[in-house]
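Residues per chain, in single letters:
Number of protein chains: 2
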Amino acid sequence: MKDIEPKELGKYLWIKEKISEIFRRYGFQMMEPSTIENLETLEAKCGPEIREEIYWFKDKAGRSLGLRFDLTVGMTRMVANRYDLPEPIKLCAIAGMWRYDEPQFARYRFFHQWDAEIYGSIEPEADAEVISLSMDILENVGLKEYEVRISNRKLIEGFLRLLGINSTEKLESAFRIIDKITKIPKEEIVKKFLELNFMEFVISKILEFTSIRGKLNEAIEEIPRDLLKNDLCKKGYEELLGLIEVLEAFDKIDKCILDLSIVRGIGYYDGIVFEAYDKGGEDIGAILGGGRYDRLCKILGKKDMPATGVAGGIERMMISLERLGSLKSISQVPEVFLAAVDDSSRRKLWKIVNELRKEGIATDFDLKRRSLKKQMEYANSLGIRYVAIIGPKEIEKGIIRLKDMSKHEENELSFEEFKKKILKSRHS
Amino acid sequence: MKDIEPKELGKYLWIKEKISEIFRRYGFQMMEPSTIENLETLEAKCGPEIREEIYWFKDKAGRSLGLRFDLTVGMTRMVANRYDLPEPIKLCAIAGMWRYDEPQFARYRFFHQWDAEIYGSIEPEADAEVISLSMDILENVGLKEYEVRISNRKLIEGFLRLLGINSTEKLESAFRIIDKITKIPKEEIVKKFLELNFMEFVISKILEFTSIRGKLNEAIEEIPRDLLKNDLCKKGYEELLGLIEVLEAFDKIDKCILDLSIVRGIGYYDGIVFEAYDKGGEDIGAILGGGRYDRLCKILGKKDMPATGVAGGIERMMISLERLGSLKSISQVPEVFLAAVDDSSRRKLWKIVNELRKEGIATDFDLKRRSLKKQMEYANSLGIRYVAIIGPKEIEKGIIRLKDMSKHEENELSFEEFKKKILKSRHS
Chain A
1393 MKDIEPKELG KYLWIKEKIS EIFRRYGFQM MEPSTIENLE TLEAKCGPEI
1443 REEIYWFKDK AGRSLGLRFD LTVGMTRMVA NRYDLPEPIK LCAIAGMWRY
1493 DEPQFARYRF FHQWDAEIYG SIEPEADAEV ISLSMDILEN VGLKEYEVRI
1543 SNRKLIEGFL RLLGINSTEK LESAFRIIDK ITKIPKEEIV KKFLELNFME
1593 FVISKILEFT SIRGKLNEAI EEIPRDLLKN DLCKKGYEEL LGLIEVLEAF
1643 DKIDKCILDL SIVRGIGYYD GIVFEAYDKG GEDIGAILGG GRYDRLCKIL
1693 GKKDMPATGV AGGIERMMIS LERLGSLKSI SQVPEVFLAA VDDSSRRKLW
1743 KIVNELRKEG IATDFDLKRR SLKKQMEYAN SLGIRYVAII GPKEIEKGII
1793 RLKDMSKHEE NELSFEEFKK KILKSRHS
Chain B
1393 MKDIEPKELG KYLWIKEKIS EIFRRYGFQM MEPSTIENLE TLEAKCGPEI
1443 REEIYWFKDK AGRSLGLRFD LTVGMTRMVA NRYDLPEPIK LCAIAGMWRY
1493 DEPQFARYRF FHQWDAEIYG SIEPEADAEV ISLSMDILEN VGLKEYEVRI
1543 SNRKLIEGFL RLLGINSTEK LESAFRIIDK ITKIPKEEIV KKFLELNFME
1593 FVISKILEFT SIRGKLNEAI EEIPRDLLKN DLCKKGYEEL LGLIEVLEAF
1643 DKIDKCILDL SIVRGIGYYD GIVFEAYDKG GEDIGAILGG GRYDRLCKIL
1693 GKKDMPATGV AGGIERMMIS LERLGSLKSI SQVPEVFLAA VDDSSRRKLW
1743 KIVNELRKEG IATDFDLKRR SLKKQMEYAN SLGIRYVAII GPKEIEKGII
1793 RLKDMSKHEE NELSFEEFKK KILKSRHS
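Chains A and B, in that order, are what the protein sequence lines are. Residue 1820, in the working numbering, is where the first sequence stops; the numbers in between run on with no holes. Residue 1820, in the working numbering, is where the second sequence stops; the numbers in between run on with no holes.
Just chain A, with the same shape it has in the complex (with noise of 0.2 Å):
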């Protein structure tokens, strides 16, 4: 497994701060779920066949543990199993998760995750604020051109029902198929149909049906109202219609798509489900998903509790954001080197170095008591800019040679010349 070397780190860290800078305001609080979980409740979201993506073992004692795969299943278990807490509670997380996979491009065995969950409500509104926050993270990261591709669960479910598709085992089927609809041709979907044994024009149906796309508050007129004699789909409706409601007043609307072949592909999302698609990078897949799961907690714990709640992953959005060029300037480089010009000038230099870090300035200097030569060769390869000479000429006048490498430009100045040279250089 790969090691986070610090040109990544520094990037990730970044995202990280701008992504819990919207968790804070949308008044999430943060928390670190369990590195690792009995295996039993790991297989609880997904069934046993996890078991063959995931990290697991036996401890010493003899019990099957596994390393988090996600990081819903774990804040999920906790709160479901907790009685002190005043609903609807409102978790969020961003942490590294683990899955044995053959590594490939944009997956890899140890990755990252941001996640926020509302447990309590079944109101629109929580829906409406995980969908609000998702949208409100890809503006802080700088992802501005995307869109959220809207869809509910009991809507599909429903109208499936209607055809008569009504075994659990066929709706799963059915729901992971439409899954595909915009990720493989449309013969395969059709195949995939037909070795179900759907009948052609129960195929044809649900394709029309998925095809359904646009405007979130305009695509939802072209919903065959007859379908809304359907509870389930009535219900699923109505969800729309109450999500669009807080989106508007959020005024969140224009990004937002109804697209019915959004189902998302694990089986225990049963209403308001989403994907936003960076438009950069649909070849990376949904940029984030999420969506209301109702039922989990009691499968997870003691209580049953309405839920529902968005994830995305760190490193496809710094694939994103790599692409955009937004993260070029991220670096962990200190912002001046201070190199002395002989052993005799090194007792005033580590003076100035301490002066400096209690300014805050990131401050790095010679630890091999080199040539200056060799002293600059250091500075240049780290990729700092700027470069102090302190030597028993520059000691004797009071002031410091300050190189500045980007533009091979040098000055001679007093300290506080220098402090403010290098602080002002951190805006420009």
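Check the hints yourself; a few may be wrong.
For identical chains, the list gives no copy identity; a pair is met inside one copy or between any two copies.
Below are the DSSO-like pairs computed for lysine-lysine, each with C-alpha atoms no more than 27 Å apart in a straight line [said to hold, decoys possible]:
#1 LYS1647 x LYS1816
#2 LYS1743 x LYS1812
#3 LYS1584 x LYS1572
#4 LYS1740 x LYS1789
#5 LYS1647 x LYS1740
#6 LYS1743 x LYS1627
#7 LYS1394 x LYS1450
#8 LYS1785 x LYS1765
#9 LYS1410 x LYS1816
For the record, the hints were derived by calculation from the structure and aren't laboratory data.
Given the coordinates of chain A, work out where chain B should sit on it, guided by the hints.
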């Protein structure tokens, strides 16, 4: 393994920020070594007995892997196998790690450390750098009542060799006993030495020598001069002198103590070693510790590189800070809660929520369409200080009714006054 709940995580994030700021000033670049290592890498530092204390397992390909138990091994394994990094390499990390311990006070199965390492310098500047960094970290989190106890392994090893203790095994056993000198009663120390067949005059010489203790730049005079005829002792002594020179220039000498009972338990240290103790927390042990380990790189990689570093436990630091009461005001609770008087007011309320969040104010509101009374109870149970009440009357008058729950005050404010009041209260 436990979840890190919002209250604790808030404190952890606060501490992490304070430490990161000092890392930045010192020009250390943050990375995160792999969470999972080959078992043999983990064993290289401490021997195969480490298996008993860590989480390890075989993966699906049959490889023996383990969860990291510290950050030093991963960082050192990385740099020792890389030829592209300009030396010295200054790296730092703050992250979680796992030990299969019986959980006990101030020891957990999943815990966090901060860690800073310098690879590639043999000069005392590098040791001074990590000690000075450690001290600034303690100052920056607000633990100002501490001392750094410093010694040198070469000095102690030379002294032991002069007493005829020459085998690696005996030396390592002696170091392990010396490490316990301030932690267990003197009789037990003597007993442990006797079990190793150390002669009584040798034991009393060791006890006398390791009791040398005082301000670093003064107590160094107490080291018997005739020891310096021994090369190893002389080297260790000179390293201490070099360290003093830099720590004086860094204005850090006052809280530095020479304490020859400090040797660090683990075998691989071979020069300057140190531990810092919080005066209010001697019972939880060293709050940080480190030293020089010039031989570890070659064990973990291809590259032979001197190294010196420091690490400290975040949870221990948290205990010390809790005792001082410094973490009391840290909270993730939203700044304001918007309560709706009736359903007709909700649409307006959502718009105000959106405005406040845009201004950077942490804002929560009712997600359950509850009565005003229930909303107030919820805000109160979360500990939110300000509740803004929005009803038909307030909307008509264009004002906000603001309750300060801490002072039981209520005021009618314009939106602008309201925002100002919330922002102002942040700094009070």
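Outcome of the hint check:
no., hint, verdict
1, LYS1647 x LYS1816, "neither (38 Å within a copy, 34 Å between copies)"
2, LYS1743 x LYS1812, "within (18 Å within a copy, 43 Å between copies)"
3, LYS1584 x LYS1572, "within (10 Å within a copy, 69 Å between copies)"
4, LYS1740 x LYS1789, "within (13 Å within a copy, 66 Å between copies)"
5, LYS1647 x LYS1740, "between (59 Å within a copy, 21 Å between copies)"
6, LYS1743 x LYS1627, "between (71 Å within a copy, 26 Å between copies)"
7, LYS1394 x LYS1450, "both (24 Å within a copy, 18 Å between copies)"
8, LYS1785 x LYS1765, "within (17 Å within a copy, 75 Å between copies)"
9, LYS1410 x LYS1816, "both (23 Å within a copy, 23 Å between copies)"
In this structure, the one hint that does not hold is number 1.
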